[in-house]
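> Chains as they are written, first to last, in our numbering: chain A, 1 to 496; chain B, 1 to 73.
Keep in mind that the hints were calculated from the coordinates and are not lab data.
Just so we're clear, the structure is a prediction, and the values are computed from it rather than from any experiment.
Every residue, glycine too, gets a C-beta built ideally from N, C-alpha and C.
Among the hints, a few may not be true.
According to the in silico footprint, chain A covers these stretches of chain B (three or more CB under 8 Å from chain A) [what the hints assert, rightly or not]:
#, region
1, 2 to 11
2, 19 to 28
3, 31 to 38
4, 41 to 55
The calculated lysine-lysine pairs, modelled on DSBU-like cross-linking and capped at a C-alpha distance of 30 Å, are [said to hold, decoys possible]:
#, chain 1, residue 1, chain 2, residue 2
5, A, K261, B, K2
6, A, K101, B, K69
7, A, K100, A, K266
8, B, K69, A, K260
9, A, K267, B, K2
10, A, K266, B, K2
11, A, K261, B, K56
12, A, K488, A, K221
13, B, K2, A, K484
14, B, K56, A, K267
15, B, K2, B, K69
16, B, K2, A, K101
17, A, K261, B, K69
18, A, K306, B, K2
Simulated restraints, written as ranges between beta carbons of each label pair [to be verified]:
#, chain 1, residue 1, chain 2, residue 2, range
19, A, N397, B, I11, 47 to 53 Å
20, B, G31, A, F456, 38 to 44 Å
21, B, R62, A, I5, 51 to 57 Å
22, A, P41, B, H65, 16 to 22 Å
23, A, G208, B, K2, 45 to 51 Å
24, B, L42, A, G455, 28 to 34 Å
25, A, G460, B, I11, 21 to 27 Å
26, A, G152, B, V53, 45 to 51 Å
27, B, K2, A, R311, 44 to 50 Å
28, A, I5, B, G46, 39 to 45 Å
29, B, P27, A, W427, 42 to 48 Å
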Amino acid sequence: MTPTIFVLAYLAIVLYIGVFAFRQSRGQAEDYFLAGRALGPWVFVLSLFGTHMTAFAILGSSGHAFNFGIVTFGLMASSSAIVVPVLLLFLGTRLWAAGKKFGHITPVQIFRDRWECGHIGTLIFFLQAALLVPYIIIGVMGGGTTLNVISGGLIPFWAGGLLVAAVVMSYVFFGGMRGTAWVNTFQTVLFLTFGMIAVVVIGNGMGGFPAIAEKMLNDPKSASLLTREKFSPLAFLSYTFNPLSAIAFPHIAIFCLTAKKMTQFKKTVMLYPLCILLIWLPCVCLGVFANQAQEIPPLAAKIDMKQATGRPVVADDVMLQLLSHFAPEWLAGLLGAGIMAAVMASDSQILALSTMFTEDIFAFYGARDRFGEKAQVTIGRLFIVLVTAFAYFTALNAKASIFDLAVQFSFAGFSAMMPLYVGALYWRGSTKWGALAATIWVAASTVGLFFTPRGFTVFGLLPVVPMTLGAALLLWIVSVLTPKPSVKTVNRYFSV
Amino acid sequence: MKPYILLLLAIYYVLHQDFWNWTEARPLVFGFLPIGLAYHALYAMGAAALMVVLVKYAWPERLEHWADKEPGE
Chain A
1 MTPTIFVLAY
11 LAIVLYIGVF
21 AFRQSRGQAE
31 DYFLAGRALG
41 PWVFVLSLFG
51 THMTAFAILG
61 SSGHAFNFGI
71 VTFGLMASSS
81 AIVVPVLLLF
91 LGTRLWAAGK
101 KFGHITPVQI
111 FRDRWECGHI
121 GTLIFFLQAA
131 LLVPYIIIGV
141 MGGGTTLNVI
151 SGGLIPFWAG
161 GLLVAAVVMS
171 YVFFGGMRGT
181 AWVNTFQTVL
191 FLTFGMIAVV
201 VIGNGMGGFP
211 AIAEKMLNDP
221 KSASLLTREK
231 FSPLAFLSYT
241 FNPLSAIAFP
251 HIAIFCLTAK
261 KMTQFKKTVM
271 LYPLCILLIW
281 LPCVCLGVFA
291 NQAQEIPPLA
301 AKIDMKQATG
311 RPVVADDVML
321 QLLSHFAPEW
331 LAGLLGAGIM
341 AAVMASDSQI
351 LALSTMFTED
361 IFAFYGARDR
371 FGEKAQVTIG
381 RLFIVLVTAF
391 AYFTALNAKA
401 SIFDLAVQFS
411 FAGFSAMMPL
421 YVGALYWRGS
431 TKWGALAATI
441 WVAASTVGLF
451 FTPRGFTVFG
461 LLPVVPMTLG
471 AALLLWIVSV
481 LTPKPSVKTV
491 NRYFSV
Chain B
1 MKPYILLLLA
11 IYYVLHQDFW
21 NWTEARPLVF
31 GFLPIGLAYH
41 ALYAMGAAAL
51 MVVLVKYAWP
61 ERLEHWADKE
71 PGE
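Pulled out of the complex, with its shape left as it was, chain A reads as follows (with noise of 0.2 Å):
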C-alpha cells in the first residue's frame, strides 16, 4: 500500500508543477508552446534528458539485459552517450539559431523556410506525427502497468492507464512547455537520487554483487550473459544509428528551440553522457543480475521459459519486480514514483505533437491568421486532450507486443530523418525535391520493415543502417540534380 501512496503523491505533485506553471504564461503561442523560449540553464539540462529517457530506457533496459546480457549497455548507453551530445553540439545549437532568428517553433517550419517548400513540409510532418503516435500509445500502457504492478494488483490497468493519461494531459493542457519542462526536470532529479540508492540496496538484498557475478559465471546457462559471444559485432556496430533518431524526435528539436541562451548547450552537451552512465549502467546490472533471483516467483518462472525455450521472455517488469522483493516500502515508493516518471515522458511527445499540429497545419494553413492567437493556443489544448483520449482507448484494446514493435520501426524511422537536418543546416545545395526523396524513401522503408520477418538483416546490419544511408544517398543525389531554393533564402541561412 505504501508504494501505492508514495505514487499518488508524486501524482498529485506533478499535478500541481502543472498549475503552477500555467499562473506564469502569457498565453501566447511562443510562451504555451517554447515556454517563452526562456528555459534556464539547469533546466534546460535536466529537461532535456528527462524528455529523452522514455520508458523504454528505464523498464526496457533492464527487460532486455535480462534476456540478453551485459551487450544492452553498449547497444543503447554507451552509444548514446557519444552520439545524441554530438548531435545537439552540432544540430541542436544550428537549430537553436534557426529558431531564434527566424521565430520559428518546429523543425517543419525550418524546413519550409529553408527549402521554400510548403506541401513538402506537410508530408514531413505527417510522417513525423505517424512515427510519434506508437511511442505515446507506449508511455500510456507503461503507466497502466507500472501502476498495476507497483499497487500490487489493486490498481486495475484501465484505471492506471486512464489516471496517467489524465495526469498527463492536464499538465500538459495547463503548464505548457513550461509545465512539461519543469516537471521533466523534477523527474529526473528524484530517479537520479534514489535510483543509485536502490541499486545498493537492491544489491544488498540479493547477496552482493559480486557473488551473483561469481554465480553466473560458473553456470553455463547464465555465463553468456556476462559477454557478448552471442551477439554479432555487425548488428552491435548497426546499433550506433539508432542515437541518431535523437536530433528527429520532434518533442527533442522543438525542446533544442527552448534554449534562453545558446550557451546552455555547453552544460547539456558535457553532462549528457554521465546521465546516460548513472541511468543506464544501474538498470543493465540489476537486469543481468534478477537472472539469479530465483526467490522472486514471477521472474523463476520467466527464467525457467527462457531456458526452456531459448528464446527471449516479455521482462519489462524486471525492474518492479526486483523493487518490491527487495527494497524496503518507502524507498519501493520513491522508485516507483521514479519510474513513473520515465514512464509519463510521453508528457513532451504531446506537447510536440500538438505544437506541430498548431504550427504546422493551423497557422501555416491559415486559420491563425483567421481565428488569432489564442485560438491557436486553445486548438493546442484540445489536440491534447483528443490525441490523449485516442492513446488511452488504444491502450486499452491494443496488445503491447504490436507497439513495441511499432516503437521499433519508429526509431528506424527517426534515424533516417536525421539526414534532413543535415542537409537543411549544413548544405547549401540541398533542395526540396531532394528532401522529399529522402521523405518518401523513410516512409516506404519503415512500411516495408512490418512485412520483412524479425531479425532481417542486410550484409549483416540492421535495418537502419540503410534506411539512414539510403536517405543521405538519396537527399544528395536528387538535390544534385535539382534546382536550388534561391539565393538570398540560402544566403539567409549561411550567413553566420
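Got chain A; can you put chain B on it based on the hints?
Coordinates of chain B only, in the frame set by chain A:
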C-alpha cells in the same frame, strides 16, 4: 569543423566496437562488473571528457551572434 576534431570523433566512434572484449567476462572490475560492461561504462565517461574538449575547441561561437542579429542585418 576542424579536421582534427573530426579525426578525434572518428577514432572515438571506432573505439566503441571493442571486439577484444567480446567473449571474455573476466576480469570482473570491482568484483562484479564484467570487463565488457566496465569498458563501456568507462567509454561513457570518456565521452563526457571528449565533450568538454569539443565544447572548448569546436564551440560554434559565431552562431549565437548570428542568431541575435535581426534578419537582414
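> If a hint holds in the structure, say so; if it does not, say that too.
Here's how the hints hold up against the structure:
no.: 1; hint: 2 to 11; result: violated (count 1)
no.: 2; hint: 19 to 28; result: holds (count 8)
no.: 3; hint: 31 to 38; result: holds (count 6)
no.: 4; hint: 41 to 55; result: holds (count 11)
no.: 5; hint: A:K261 to B:K2; result: holds (24 Å)
no.: 6; hint: A:K101 to B:K69; result: holds (7 Å)
no.: 7; hint: A:K100 to A:K266; result: holds (17 Å)
no.: 8; hint: B:K69 to A:K260; result: holds (15 Å)
no.: 9; hint: A:K267 to B:K2; result: holds (22 Å)
no.: 10; hint: A:K266 to B:K2; result: holds (18 Å)
no.: 11; hint: A:K261 to B:K56; result: holds (17 Å)
no.: 12; hint: A:K488 to A:K221; result: violated (65 Å)
no.: 13; hint: B:K2 to A:K484; result: holds (27 Å)
no.: 14; hint: B:K56 to A:K267; result: holds (12 Å)
no.: 15; hint: B:K2 to B:K69; result: holds (25 Å)
no.: 16; hint: B:K2 to A:K101; result: holds (25 Å)
no.: 17; hint: A:K261 to B:K69; result: holds (14 Å)
no.: 18; hint: A:K306 to B:K2; result: violated (50 Å)
no.: 19; hint: A:N397 to B:I11: 47 to 53 Å; result: holds (50 Å)
no.: 20; hint: B:G31 to A:F456: 38 to 44 Å; result: holds (40 Å)
no.: 21; hint: B:R62 to A:I5: 51 to 57 Å; result: holds (53 Å)
no.: 22; hint: A:P41 to B:H65: 16 to 22 Å; result: holds (19 Å)
no.: 23; hint: A:G208 to B:K2: 45 to 51 Å; result: holds (48 Å)
no.: 24; hint: B:L42 to A:G455: 28 to 34 Å; result: holds (31 Å)
no.: 25; hint: A:G460 to B:I11: 21 to 27 Å; result: holds (23 Å)
no.: 26; hint: A:G152 to B:V53: 45 to 51 Å; result: holds (49 Å)
no.: 27; hint: B:K2 to A:R311: 44 to 50 Å; result: holds (49 Å)
no.: 28; hint: A:I5 to B:G46: 39 to 45 Å; result: holds (42 Å)
no.: 29; hint: B:P27 to A:W427: 42 to 48 Å; result: holds (47 Å)
When each numbered hint is compared with the structure, violations occur for hints 1, 12 and 18.
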